[in-house]
Amino acid sequence: MYMEINNLMFSYSNSSSKTVDNFSFSVEKGEVISMLGRSGSGKSTFLRLIAGLEMPSGGSFTLNGKKMFCEDTFIHPEKRGIGMVFQDYALFPHMSVEDNIIFGLPKMSRKEKIKRAGEVLELVELTGFEKRYPHQLSGGQQQRVALARAIAPEPELILLDEPFSNLDTDLQVKIRGDLRRILKKAKTTAIFVTHNQNDAHALADRIVKIKDGKIDKIGRPCDLLGVSPTEIPGMIEITYEELIGV
Amino acid sequence: MNKHLANVNGWTISAVLIIILLFSPNLSIVLGIFSPASDNWAHIKEFMLLKYIKTTLTLVFFTALFTISIGLSLAWLIAQYDFPLRNFMKWALILPLSIPPFIGAYTYHGIINYTGVIQKTLRNHFDITPNPAYFDIMNIPGAIFIYTLVLYPYVYMITRIFLSHQSASLIESARTLGKGPMEIFFRVVIPISRVSIIGGVSLVILEVLNDYGVVKYFGIQTFSTAIFQTWFGLGDLDSSIKLAASLMGIVIFILIIERLLRGGKQYSYSTTKVRPLPLVKLKGKKAVFATLYTVSIFSVAFLIPILQLIDWVILTFGKVPMEDVLLYTKNSITVAGLGAFLIIVFSLVVGNFGRLVKHKFAKVLPKLTVLGYSIPGVVVAVAVITTFITLDRFLAPFYQAIGIDSQLVLSVNLVMLISAYVIRFFAIGYNSIESGFDKIGTNFRDASRMLGANSLRTFFKIDVPMMKGAIISGFILVFVDILKEIPLTLILRPFNYDTLATKAFQYASDEKIMEASQASLLIVGVSTIAIFVFHKLLREEPK
Ligand SMILES: Nc1ncnc2c1ncn2[C@@H]1O[C@H](COP(=O)(O)OP(=O)(O)O)[C@@H](O)[C@H]1O
Ligand SMILES: [Mg+2]
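In order, the protein sequence lines correspond to chains A and B.
The first sequence: position 89 = 212 (this note's numbering), numbered continuously.
The second sequence: position 540 = 561 (this note's numbering), numbered continuously.
Excised from the complex, chain B in its bound form (with noise of 0.2 Å):
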């Protein structure tokens, strides 16, 4: 009897068309390691492609180093001691989050570089003139000290929430028997987080991998500069591909190290009630040590860039006309709110799906999409751009017939931007919504189809409604997301479209740091607004 599929039919159709959709444009990258191999290719992997792996692996690797060290020192002052400003660090150490890497970059590029206040306070308050080398960060480690600052929110975040809610007994029985805080912390508290900090560290490494715009602003040679320069330099798309298929590969190389080194087993918080760790009052010395701690690393990594933004606008006020700043505020909007739109749509129907249809492949199906968020915004550029021009050549007759005297329609659209951030930050936005309807289970569906309600009422009446504040959360998120975003929206872009990471970029990259402020802190604000307001959204739902 199949007559129980045709109840959910016009959901699986769709899904499933949203999921191929979303995940075949990949599939051109991987095809395009088959393609015959230009003169270019050969040169690019006899003299560069040992050059951009190491580089690349440098980066990954102090990265991931330098964040937990920091993430995990923090979760675990935060998670187990009380002192003072505690509970104003414990979110505020998040902040730096909103920060895109690159905007970091260039500020405190702009902090420390010669007319910068640092060396000018030297100079004139100092009489010292310090050696310019010193103060160079347009380097390898000056990147991996910028991604270390904006990036380890993610592990201490995920390692904190670990910490306070799921190690109350195995502490506490560590503490009773004698053990000091240091022995403690190495012999307990680093092996029992050990899958949230690879949770966390491998959000940080991709994050590293997607990045393009610090690379290119300090002049690394990168995987991502290289895919962008090869496609645009050299106007050899077809190497491009085989770069991006190069980088997909060390990312999927990394996924797969996570999954082995979590043990195989996904990690879950325990949904059983737990007991929060009771927190230590320190007092004293440590008490000091703990707030110069957590002071110092929430300003070197959220103050003193934002307070230099806000002088920047300060000085700079009225420089940019305020109508460019106007439209390119109107079109980071656009762009973003439409792509967050579409996707939480998707995963509403992906998810729906994912939960009504009671086979396997319902459940793993979704799974696949989530890869876009893996790989590096280039990549997907590569990937969005083959297939949209594919898509043209195939729609040219079409074009002809009704008119249309280009060549190219779909690729110089909004639509391929669009596409392609739908793609990239699915994952972000499903992950939500599928938490949203574990949430409210099945049950209120089925009470109101007994109540004479088909699907789709029962979807928009009482899935919805309830579901509201998944539907948020997974909005702000993908929206921020998107205004962050810097090598998709410079790449697929239709001509003269700027939006305020695209200008501030620009702005950066042509050294007129200043005024790059202006749209750099709009972005900020926005962010930490953002994130201001879905932590409120989480605290304040139900456990």
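Looking at chain A on its own, in the form it has when it is part of the complex (with noise of 0.2 Å):
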């Protein structure tokens, strides 16, 4: 397996509960995991915890073959190839658009750089923008440019933690379908956490449900969710939560 996840275990210094309980689950090369959750379920944390954010107090995570932590093991962040789009976007403020997606780039020449910036910038539609800094983009930009910059260096995996909720809703609606049309050209294996089933629904190949810091269940969408809501006439978008009646 590409990505394989064995008994992740971790809770804050100052809880008592878990936060994130006893994770199992695998993911294959190229394929987008969505992890889905209400508020409060763990799901940043555990993204965090891929990432090496966070430290785990038991587990094992490999990630193409590599050992990224288990027993005698910890990889630091910067050295494991991971991409990451933070809820709040977390583009760097004093740097422009350019310079946010070279800072993550491997060691090349300054031309190439701006070459791949250029790349992964035509692939989020933002061409012409190079210049920009964060404040002056909306914030539909905004998160493509995170993207782009999560995307620039060819992370073996990228993680997106509540990509659309700091979006209007018709624009949800319109980068969700960009997101997923980007991620499979870029053939990039994603995890992303929502709490919304639509966002889960029409992105995600496969669906992780988490509650309270367990995993609840695995499965497609179709099989997990039914029919997208979305698809049927004249029902309006409902979330995760009422779903499921909390």
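It should be emphasised that the hints constitute simulated quantities derived from the structure, not laboratory data.
Since we're looking at a predicted model, the values are computed, not measured.
Careful, some of the hints might be misleading.
[Claimed, not checked] Derived lysine to aspartate or glutamate pairs resembling EDC-like cross-links, with alpha carbons at most 20 Å apart:
1. B:K482 x A:D144
2. B:K489 x A:E201
3. B:K66 x B:E204
4. A:K310 x A:E127
5. A:K190 x A:E201
6. B:K340 x B:D467
7. B:K482 x A:E201
8. B:K381 x A:E177
9. A:K307 x A:E285
10. B:K482 x A:E221
11. A:K307 x A:E279
12. A:K190 x A:E127
13. A:K190 x A:E279
14. A:K310 x A:E248
15. A:K254 x A:E242
16. A:K202 x B:D467
17. B:K379 x A:E177
18. A:K230 x A:E279
19. B:K482 x B:D467
20. A:K310 x A:E242
21. B:K460 x A:E127
22. A:K334 x A:D144
23. A:K189 x A:E177
24. B:K340 x B:D531
[To be verified] Rough simulated footprint, nothing fancy, chain A against chain B, three-plus residues with beta-carbon under 8 Å:
25. 467-478
26. 481-488
[Stated by the list, open to error] In silico negatives: residues of chain A with every beta carbon more than 10 Å from chain B:
27. M124
28. S162
29. M231
30. Q259
31. L260
32. D291
33. R303
34. D339
Note that beta-carbon positions come from the ideal geometry of N, C-alpha and C, so glycine has one too.
Mind docking these for me? Both chains are given alone in their own frames, and the hints should help you get the complex.
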């Protein structure tokens, strides 16, 4: 398997319960996985563990044949080759769009870096925005720059934390489609986290449902959620919470 | 799994080392209490100690009282009312902070002594020769007057910010309940601003305890002057350590009282968006009174002394050779720049450690270093010199081995002075840096590491550029404080090394008041510019 997670455990030092309780699942290369769960269920924490930003208390995680952590290994986040799109994008405010993207590129000539930045900006349809600063972009544009920045170094895995939560509803639907196209075109393996089952349905090859820090179900969108509610005429968008009645 | 700790190990080690370095000299004072007492000490304890305590507490009490009265009334006027010149006064009333107390002291002495402008005018134009005793300010009330003038801005500043940002709903509801301004002031404003008043006045008190220049110039016996005298006059370092320890006891006592009065909770301006207090426009007599009141405080505390200094500079221009003034300026900038630079670097290391290490001790440890700012300069001087002499003794064999002839190397060097500055003013820089780190959070840092940058690259490429505002304002604050500093510099400077402050102080002490004006005006000028820049920075920073 391309990516394997076994018995992953974690709790915050100031909390007695387990925030991530015994997660195990595997992912194939190029697959887009969606993690679906209500807020506070531990989704962000899980992504931070995979990213290496938090230290798990047990379990193991292998990516593309490399051990990222197990009992005697802990690879630092900068050495993992994993990209991440943060919920608030975390674009560096003191750098232009181009410099934000170049920041993450491995050693190569300045010319090649600029070329690569141009490629990913084209992918997210932001050609011409190279010299802008983050505060000069709309929310949707910022989101796409964050995505471009994460994709540019060609990571082996990309993590997205609620990528649509800061966008207007109209924009969410459009960008959702774009995101799947971009991820598939870049052939990136991705895990994205959401509390919205429509997002999960529209984007994912497979869905991992989590509840109170535990994996509840894993399966294909149509098996877990049935027909997408947005495909039924006249049906309003409902969130996962409403769907499962919490 | 301790692997994660390895991540921050470099930071942790450096941060802990810095904290120990900053904190340990103060321990030498505490240890000094236990060393055997000399005859001097027995004498001091029996005849002098009580007097020092009484004088010191008198100065502290009345200065606190007057700074609260002036600071609070100004804060209230500016925060609630609109009147002619209000917008200018709002920040002009802070400016007296740029006048070091000893400069205020000798300037005022110069203004009102026998040859000063007031008595001269009375004699020459009105033919009045008043009893000179009326014009003596070189006493305890005079010192309280000077302290009040240059220190009230602490109370004013902190209380005004609190009142303009935090009090709108409370004061408005009091107004709608039909309460008059006086009643609102005493029943609402004073109680709700208690915490900020205490915050401001504790700074005032610490400054009074720290002061050496005014009391020395006025010939008043307090702890600061006694420590200095016992040490240099009697050559009794042990006794001055004991005096320093007593003073430190008073400081700690005051800090504890402060905590208790604050009701145990740290005050913080809540981060939620707050509605500013809408201004009430004053009309007629009331407006005239408000303008007059603020203008007269500003004049007495800032304008008049500055005009007098300018007058003296013009009168004595060329009397002090230009190259001397340039040399003192260069020395001042060198030590203040070096000190501020080191403090900012250390603050960045310690602040980053406090942010990244998720352990309680990483939050508490940096707070220890803040003690340095509460401890009066003379005490820090005693602590640092004791430590450096010990260090020199310890290193003596090493000096011999590498062929240095002298017994004392470190303790006669600029190194000692700069170290003392770093210990005393670390808290000023650290506060600024810490709030900078708080503001940027850890998200950008995480993002950077996910893009393959290691801890060090992240620090220089992301953290430092994003904290530019905090770094610059921290640097400015420390720089100005060092520029104005007197006791540490006087005691710890290398032989014949003069700064603007030490030179101004020496001239004034030798009654060469006019010669002192040039250096003084330079200090005040630079400080004023710094305060101005600082306010610009603060205002432009997005909330
Ligand atoms: N830094 C932290 N320290 C302690 N508890 C935390 C921290 N971050 C999150 N938590 C707690 O862990 C749980 C899971 O949080 P999170 O992973 O952010 O959930 P989600 O992203 O699914 O909304 C929540 O109960 C949250 O309060
Ligand atoms: Mg989350």
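Verification of the hints:
1. B:K482 x A:D144: Between K482 (chain B) and D144 (chain A) the Cα gap is close to 36 Å, so the pair fails against 20 Å, i.e. violated.
2. B:K489 x A:E201: Between K489 (chain B) and E201 (chain A) the Cα gap is close to 25 Å, so the pair fails against 20 Å, i.e. violated.
3. B:K66 x B:E204: 48 Å, violated
4. A:K310 x A:E127: Within the cut-off at roughly 19 Å; holds.
5. A:K190 x A:E201: 15 Å, holds
6. B:K340 x B:D467: 60 Å, violated
7. B:K482 x A:E201: 15 Å, holds
8. B:K381 x A:E177: Given that 20 Å is the threshold and the Cα spacing comes to 17 Å, the pair holds.
9. A:K307 x A:E285: 18 Å, holds
10. B:K482 x A:E221: 15 Å, holds
11. A:K307 x A:E279: Holds - the C-alpha atoms of E279 (chain A) and K307 (chain A) are around 13 Å apart, at most 20 Å.
12. A:K190 x A:E127: 9 Å, holds
13. A:K190 x A:E279: The given pair, whose Cα atoms are some 13 Å apart, holds under the 20 Å limit.
14. A:K310 x A:E248: 17 Å, holds
15. A:K254 x A:E242: 15 Å, holds
16. A:K202 x B:D467: 13 Å, holds
17. B:K379 x A:E177: 11 Å, holds
18. A:K230 x A:E279: Roughly 17 Å between the alpha carbons, so the hint for K230 (chain A) and E279 (chain A) holds.
19. B:K482 x B:D467: With a Cα-Cα distance of about 13 Å, the restraint between K482 (chain B) and D467 (chain B) holds, given a limit of 20 Å.
20. A:K310 x A:E242: With a Cα-Cα distance of about 15 Å, the restraint between K310 (chain A) and E242 (chain A) holds, given a limit of 20 Å.
21. B:K460 x A:E127: Given pair K460 (chain B), E127 (chain A) is violated - Cα atoms ~37 Å apart, limit 20 Å.
22. A:K334 x A:D144: 10 Å, holds
23. A:K189 x A:E177: Holds, at about 18 Å.
24. B:K340 x B:D531: 15 Å, holds
25. 467-478: Our answer is that it holds, as 9 residues pass the Cβ test (under 8 Å) against chain A, meeting three.
26. 481-488: Check passed, 4 qualifying residues.
27. M124: At about 23 Å from chain B, M124 (chain A) clears the 10 Å cut-off, so the statement holds.
28. S162: 18 Å, holds
29. M231: 13 Å, holds
30. Q259: Fine: 15 Å to the nearest Cβ keeps Q259 (chain A) off the interface.
31. L260: At roughly 16 Å from the nearest Cβ of chain B, L260 (chain A) sits farther out than 10 Å, so the non-interface label holds.
32. D291: The claim stands: D291 (chain A) keeps its Cβ more than 10 Å from every Cβ of chain B (closest is about 22 Å).
33. R303: With a cut-off of 10 Å, R303 (chain A) remains clear of chain B, as the shortest Cβ separation is near 22 Å.
34. D339: 27 Å, holds
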